[in-house]
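Asks: Using the sequences plus the hints, can you model the full thing?
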Amino acid sequence: MRRKKITLIGTVTLLTISTLCAALPGHPARSSYIGKRFVAFEMNNGPSYKWKKLADGGSLQWWRSDLAGCCVGRSGSGVGNRCELLIELDKNRVIRQIRILEHGSACNVALR
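So the sequence shown is numbered by our numbering: it starts at 29 and just counts up by one.
Please note that a few of the clues may not be correct.
[What the hints assert, rightly or not] Keeping only pairs whose Cα atoms sit at most 25 angstroms apart, straight-line, the calculated DSS-like set for lysine-lysine is:
(1) 64 x 80
(2) 64 x 78
(3) 81 x 64
(4) 80 x 119
[What the hints assert, rightly or not] Estimated spans, in silico, between C-beta atoms of each pair:
(5) 136 x 83: 15 to 25 angstroms
(6) 118 x 78: 15 to 25 angstroms
(7) 85 x 133: 27 to 37 angstroms
(8) 124 x 72: 28 to 38 angstroms
Just so you know, the hints here were simulated from the structure itself, not pulled from any lab data.
Predicted model, so just to flag it, every value in this text is computed and none were measured.
Each residue gets a CB set at the ideal place from its N, CA and C atoms; glycine is no exception.
Replies: This is the structure:
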């Protein structure tokens, strides 16, 4: 009985995470940061401006080039340059996926 209960809880958790990921706005981005710790992204691009804790221990991080306090978006500032990303982390702060919310030329630098 206990084994069935644990399996059911795991299945429900997986379905919840899958639903949340599918419901995230923006479109998926390719980046060398996926599978790496978020601190590597922050060191190169600056901190996120907002975050939300997830039920599984992970988090969502919102990052924007003009708020990061970094060099990314400062060269040639203006319309079309700003980049906004939604970064999903697991409980160990490893990047699961990155979604582009606003695609500007600064995204090319941030996502390298």
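Asks: Sort out whether residue 64 lies within 25 angstroms of residue 81, counting only the CA atoms.
Replies: At roughly 19 angstroms apart (the allowed maximum being 25 angstroms), residue 64 and residue 81 satisfy the hint.
Asks: Do the Cβ positions of residue 136 and residue 83 conform to the proposed distance bound of 15 to 25 angstroms?
Replies: violated (33 angstroms)
Asks: Taken at face value, is the distance from the CA of residue 78 to the CA of residue 64 at most 25 angstroms?
Replies: holds (20 angstroms)
Asks: Are residue 85 and residue 133 spaced within 27 to 37 angstroms by their CB atoms?
Replies: holds (35 angstroms)
Asks: Holds or violated: residue 80 and residue 119, Cα atoms, limit 25 angstroms.
Replies: Holds: residue 80 and residue 119 sit about 12 angstroms apart, inside 25 angstroms.
Asks: Starting from the range 15 to 25 angstroms, see whether the pair residue 118 and residue 78 falls in it by beta-carbon distance.
Replies: With a Cβ separation near 18 angstroms, residue 118 and residue 78 satisfy 15 to 25 angstroms, so the hint holds.
Asks: Taking 25 angstroms as the top limit, are the C-alpha atoms of residue 64 and residue 80 close enough?
Replies: holds (19 angstroms)
Asks: Is 28 to 38 angstroms right for how far apart the beta carbons of residue 124 and residue 72 are?
Replies: violated (18 angstroms)
Against the hints set out earlier in the document, violations occur for numbers 5 and 8.
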